[in-house]
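Number of protein chains: 2
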Amino acid sequence: MADEAAFQFLHNEVIQYIYKSAESGETENGRHIAKLENMGFRVGQGLIERLTKDTARFKDELDIMKFVCKDFWTCVFKKQIDNLRTNHQGIYVLQDNKFRLLSQLSAGKQYLEHAPKYLSFSCGLVRGALSSLGVKSIVTAEVSIMPACKTSREVLIKKSN
Amino acid sequence: MADEAAFQFLHNEVIQYIYKSAESGETENGRHIAKLENMGFRVGQGLIERLTKDTARFKDELDIMKFVCKDFWTCVFKKQIDNLRTNHQGIYVLQDNKFRLLSQLSAGKQYLEHAPKYLSFSCGLVRGALSSLGVKSIVTAEVSIMPACKTSREVLIKKSN
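Protein sequence lines, in the order shown, are assigned to chains A and B.
Using my numbering, you'd call the opening residue of the first sequence number 1 and step up by one each time.
Using my numbering, you'd call the opening residue of the second sequence number 162 and step up by one each time.
Certain hints may be false.
Stated by the list, open to error - In silico contact screen, one side only, chain B against chain A (beta carbon under 8 Å); selected entries: (1) F168; (2) M200; (3) G207; (4) L223; (5) R246; (6) I252.
Unchecked claim - Listed below are the simulated DSSO-like cross-link pairs for lysine-lysine, each with C-alpha atoms no more than 27 Å apart in a straight line: (7) K259(B) to K98(A); (8) K196(B) to K70(A); (9) K98(A) to K239(B); (10) K20(A) to K278(B); (11) K239(B) to K79(A); (12) K278(B) to K214(B); (13) K297(B) to K78(A); (14) K20(A) to K227(B); (15) K79(A) to K214(B); (16) K53(A) to K259(B); (17) K78(A) to K214(B); (18) K278(B) to K35(A).
To be verified - Some residues of chain A that are not near chain B, with every Cβ distance over 12 Å (derived): (19) L62; (20) C75; (21) N97; (22) K98; (23) S131; (24) V143.
Simulated from the structure, these hints should not be mistaken for laboratory data.
Model, not experiment: these values are computed from the prediction.
Note that CB positions come from ideal geometry on N, CA and C, so glycine has one too.
Let the sequences and hints guide you as you build the complete structure.
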């Protein structure tokens with residue numbers, strides 16, 4: 001519970017720091033997102049290097065994605081990805097029904113517009129991890145916030161060539 | 162091992178981000194340190210709130226310090242403080258012989274000058290935690306890097322009125 005809290009709180013501070021440091025116009029917002037994404041990219045690279053130092057060589061791309069869903073996701077978010085789907089042509093959809101970095105946001109649609117700030121770091125994380133494993137990717141995230149009576153949120157991460 | 166790595170890597174990225182964003186003159190350096198310290202302060206506040214939500218009321222200041230050394234330190238750094246000393250007049254010395262956020266730095270005196278960057282966040286952490294528990298403090302850190310044959314490093318955190 002409190003174990004991954006340090007990471008969560010630091011993540012929130014970083015977002016606030018980056019957003020506070022300048023105006024928040026439309027272009028500025030894009031630049032902030034890019035900064036967060038880059039930060040995530042480098043953290044993802046570092047983490048995957050450490051996690052894979054003793055693992056066997058991966059068979060194929062799907063094998064890599066499974067590793068990201070299990071070991072990598074657990075290392076960062078203390079839980080596995082709930083659902084991995086693929087079209088076997090290079091598109092992967094990773095679904096986390098209780099994404100930690102969003103679970104502090106109030107449920108409902110009220111804060112939906114702020115979601116991208118809280119997702120770009122994680123998109124970078126996955127892109128960095130995949131990049132270090134030799135998989136070039138584009139990672140995007142989608143949130144579909146459930147009605148307030150359900151507290152689970154979905155995060156879909158898509159990787160495409 | 163890899164469990165707290167996400168926090169470590171993110172911490173490093175934050176330092177690099179803050180230092181990259183501007184020149185590193187003498188005054189600038191002080192401002193960066195202050196920014197990192199402030200970030201730590203808010204993270205410390207958030208963490209201690211979460212950690213103490215079910216604990217009994219603390220007896221006294223020493224009781225609070227013990228909680229910081231055990232539960233709080235373990236939550237962030239996955240280990241306890243190795244040694245807590247006090248003069249019973251408001252000065253506390255917390256010693257960590259293997260401080261995680263420095264363990265990535267090479268041993269020896271070569272990088273000693275860079276240590277403050279890697280300590281100010283943690284000073285803020287402790288100050289924030291203590292502040293939320295009603296203890297106003299000044300937290301400073303000292304590093305005495307051991308000869309290269311010993312890999313342990315010491316971090317002393319002093320709290321004084």
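_Tell me the hint numbers this structure goes against, listed in increasing order._
4, 5, 6, 7, 8, 12, 13, 14 and 20
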